[in-house]
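Chains as they are written, first to last, in the numbering used here: chain V, 52 to 353; chain G, 141 to 437; chain C, 790 to 1157.
Simulated from the structure, these hints should not be mistaken for lab results. In this text, all values refer to a predicted model and were calculated from it rather than measured experimentally. Cβ coordinates follow ideal geometry from the N, Cα and C atoms, glycine included. Wrong hints could be hidden among the right ones.
Now the in silico label distances, taken between C-beta atoms and shown as ranges [as the list claims (entries may be wrong)]: (1) G:Y297 / C:R847: 55 to 63 Å; (2) C:P878 / G:L182: 39 to 47 Å; (3) V:A348 / C:G912: 53 to 61 Å; (4) C:T803 / G:E286: 31 to 39 Å; (5) V:W126 / G:S268: 29 to 37 Å; (6) G:L420 / V:P72: 50 to 58 Å; (7) V:L316 / G:E380: 22 to 30 Å; (8) C:T803 / G:G261: 30 to 38 Å; (9) G:Y211 / V:E101: 12 to 20 Å; (10) G:L230 / V:P72: 24 to 32 Å; (11) V:V130 / G:G261: 35 to 43 Å; (12) V:D209 / G:L170: 35 to 43 Å.
DSS-like, lysine-lysine: derived pairs with alpha carbons at most 30 Å apart [unchecked claim]: (13) C:K805 / G:K325; (14) G:K325 / C:K1083; (15) C:K891 / C:K994; (16) G:K425 / C:K968; (17) G:K332 / C:K994; (18) C:K1083 / G:K332.
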Amino acid sequence: MINLHTIRGREQRTAWVLLLPALILLLFVFAYPIGRAFWLSLFTKNLGTELQPVFSGLYNYVRMAGDGRFWQTFWTTTVFTTSSVVLELLLGMGIALVLNQKFLGRNFVRTTAILPWALPTALIGLAWAWIFNDQFGVVNDLLRRIGIISTGINWLGDPGLAMLAVILADVWKTTPFISILLLAGLQSISPDLYEAHSIDGAKPWQNFTRITLPLLMPQILIAVLFRFAQAFGIFDLIAVMTGGGPGGATEVVSLYIYSTVMRYLDFGYGAALVVVTFLLLIFAVAIASFFLSRSRAKTSRA
Amino acid sequence: MTTLTHPPAERPSTPTPPRRGKFPVKKVFLPLAVVLVVLFCLAPALWQLLTSVKVNEDISAVPTVYFPTRYTLSHYIELFVRRPFWRYILNSAFVSVTSTAISLAIGAPAAYALARLRPWGGKVILASILIVTLFPGILLFLGLLEIIQALHLGNNYLALIIPYTAINLPLTILVLRSFFEQLPKDLEDAAKVDGYNTWQMLLQILLPMTLPALVTTGILTFIFAWNEFIFALTFITRDEMKTIPVAAAQIGGASVFEIPYGPIAAATVLGTLPLVLLVLFFQRKIVQGLTAGAVKG
Amino acid sequence: MARLELINLNKTYTPKVIPVKDISLTVEDDEFLSLLGPSGCGKSTTLRLIAGLEEPTRGQIKIGDEDVTYKRPGDRNIAMVFQSYALYPHMTVYENLCSGLKLKKTPPEEIKRRVSESARVLGLDETLMSRKPGQLSGGQRQRVAVGRALVRRPHVFLLDEPLSNLDALLREKVRADLKELFASQKVPVVYVTHDQTEAMTLSTKVAVLDQGYVQQLDSPERIYTHPANLFVAGFVGSPQMNLLTLRCQERHVMLGDFRINLPEGLTTVPPNIVLGIRPENVRIAQAEDTQTVKGRVYLVENLGMHYLVSVRIQDSQAGSITIRALLPTNQAWNNEEITLALPPQNLHWFDVQTGEAVVKRQMVGARI
């Protein structure tokens, strides 16, 4: 197949030798578990079957369709993901615009902007849980001092507020990262474009909508895609802050899968949940790629 | 006779990147915005820092005492005396450094192959690598759990090192590939004419030149490995083998009712300190690496 | 003994991109061959094929009778000097010079000997040896690049526009140095350049390339005096040769109102023909000249030792024809009107369709 007697042939062989270790590892850690999940989802393997796999076809999926808790977590995850990503995008864009200006200490600000992203999510979850603590938390204290409330709000004990707290923590953690990505994109837009546009009589707002936004669209889409996948699979933050509570109000899909497998030892069903989540992500990627290539085509024509 | 003066042409004096309509006066709002951004980013970490050196009375004071009345290191001491925090640090460090090293060792040749050698199916491989970066850990943990149970790798460093290396490979390959592509092709030609084979060329000629990129990628992979939670939580259950994020999250108090906020804050500070230092020193490189990987997507 | 042979080389990337279509040539031991041509003509690709940095789609490459077409560059025993010098930035000059030898496991004393000999020849000082390329000037780096090739004692030297990154003054000096240097090595040299002066002064043979084909392979003198086709005629020689497409009538062409006789040996008379004459061969008519043309001067460019005079000649068919003449500054002419002589021995004739030279131009001294 590969002709070793030509230069190109030898090049091919070398290339594959260099690629092989990485490919093997990637297949082992990424492809195998997904494939296994697909396979296992066709079986029932839980305490009821004494942890032996019993073929059950699409039963797990049928069960999922009627599983209220699944749909609940799905909804919760969607709310969480959408709110986080939208907030992060807006805030991130604003911060990027700010950081794009030249001012003293810009490097220092950029360093601080990376910190939230770089710190361990679990530990940050602990920090935020402490901040939202109903008795000793800073948030409650500040609100009390301003006079908005008189007794501590039980943030993490209230379904709606717990969701808010978790979203806030996630937004804090990821917004700076988004802003750095967008900042890089902003800086790649030549100032000449703005000059020319201003000479044509455009106001700053129009500069933003007509030049910045379209040219930044590929970056924005990539950022949205990454964040969507990340937020949909979020585990660390919520596990540590609320554990999914109160009463499952913040239970996202990943937590549900985790407890299904680790607590209820329901492997077959857990596998089915994994499969559905996976398919959903692929679907989202496909949509995003479609929009991405369209926006790339548009900007290249400019 | 007055001379007619034409109104000045509409021209900006300096090219200004667009501002949102919300900031009409740059001079006032910009510094304010900057200060807000900085506070926003630092607040939780700073708060934990303060909490970690407060005495328990201050911690549980209502209304909140912001600045400690007295300073204490008791929480830190407790971490090392009552729990094996040294071990946790060691575990995190060992796993992070090892997985980073292996990831670089496997990823760099692969990145070179994709950048220069144009293998058949290279585009497919690249696309798959890109897609794989999107998989959250939860999708993988089931399959990996089975393997680990079957191979009895529970509570073994390998159970973390192998997945971490694999999870960091896509980023490593993408960043290094874009770096290799920018190297002048002439040098490789000269090396070939001199008689270097591909391995020798990689090791003796190219690697010294890619050192900055390796450092950047290494820092990123180190950060990811250090912060990882779900695998560390599931695959390691023996206390003395735990990594810092898991150990800190599981710090329990002396009694069931007492949550040790102090030690938790101290653990947070210690657990984030190495990363803070990394970011402080390598901020520029980190941003470069991230944007290189993302832009190439 | 290491003669270099290229046999019907072809390099096709895609059906639309074929930089090298069919190239065959030979370079003997003591020959210095320049591959000369405009950008995109295929000269760099040909060099890379010889080096082994690319492989041909068809054809063969032989070095010293050994077929090296598919051998690795390192196994062909060739050395190359790159346009950008391509010195390893993290190695010292000394390490750069001996890197190839180290890989072939040459004994250290031999390495030392060769390096110091090449350093001496190139005028590379001892103090430079421990520096890194980044600390050297452009000229020094160029010499190190040449040194790296010399030290290898290869069967073939390949140079890819090694002078183009030097400033003009340095270029002239280094050109002279290179000529002297390679004259003493008895090894085939292939030199790629787009600069005619380099090609003409350095080489023993020149291959003029265009569109992936060899247009002419000859000594520099013959390339200049006997261009084989329109392309070579127009490419070599500065200022460019006058190339005039004229109608033929019986045994002459009409340049305006003036007759120029077609050369003997032309069997069939085509309807049109291209007449070529270099500006430096056009001179002011003297009494004994038979073939002359008269026209009006419309542009004079002062080139220092010569004037480049552009003359318009009235032509009933084409309106006007322009001829440029390179005239010494000590000659004078009537301000506007000028009579030029076109010596028959300096005329070149080319076929309008194929561009090929039609017939060997006349022997010196013959008059019609």
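Range hint compliance [Cβ, G:Y297 to C:R847, 55 to 63 Å]: holds, 56 Å
Holds or violated: C:K1083 to G:K332, with C-alpha atoms at most 30 Å apart: violated, 61 Å
Pair hint outcome, G:K325 versus C:K1083 [Cα-Cα no greater than 30 Å]: violated, 57 Å
Pairwise beta carbon distance, C:P878 to G:L182, judged against the given window 39 to 47 Å: holds, 40 Å
Straight-line alpha-carbon gap C:K805 to G:K325, limit 30 Å: Holds, at roughly 24 Å.
53 to 61 Å as the expected CB spacing between C:G912 and V:A348, which holds or is violated: holds, 56 Å
Beta-carbon spacing of C:T803 to G:G261 - inside the hinted bounds 30 to 38 Å or not: The hint (30 to 38 Å, Cβ to Cβ) is violated, given that C:T803 and G:G261 are roughly 19 Å apart.
Restraint status (C-alpha distance of G:K332 to C:K994 at most 30 Å): Roughly 28 Å between the alpha carbons, so the hint for G:K332 and C:K994 holds.
Verdict for V:D209, G:L170 (Cβ pair) under range 35 to 43 Å: holds, 37 Å
Status of the given 12 to 20 Å range, CB of V:E101 versus CB of G:Y211: violated, 57 Å
30 Å limit on alpha-carbon distance, applied to hinted pair C:K891 and C:K994: violated, 34 Å
Satisfaction of the hinted span 31 to 39 Å by the C-beta atoms belonging to C:T803 and G:E286: violated, 48 Å
Of the numbered hints stated above, those contradicted by the structure are hints 4, 6, 8, 9, 14, 15, 16, 18, listed in ascending order.
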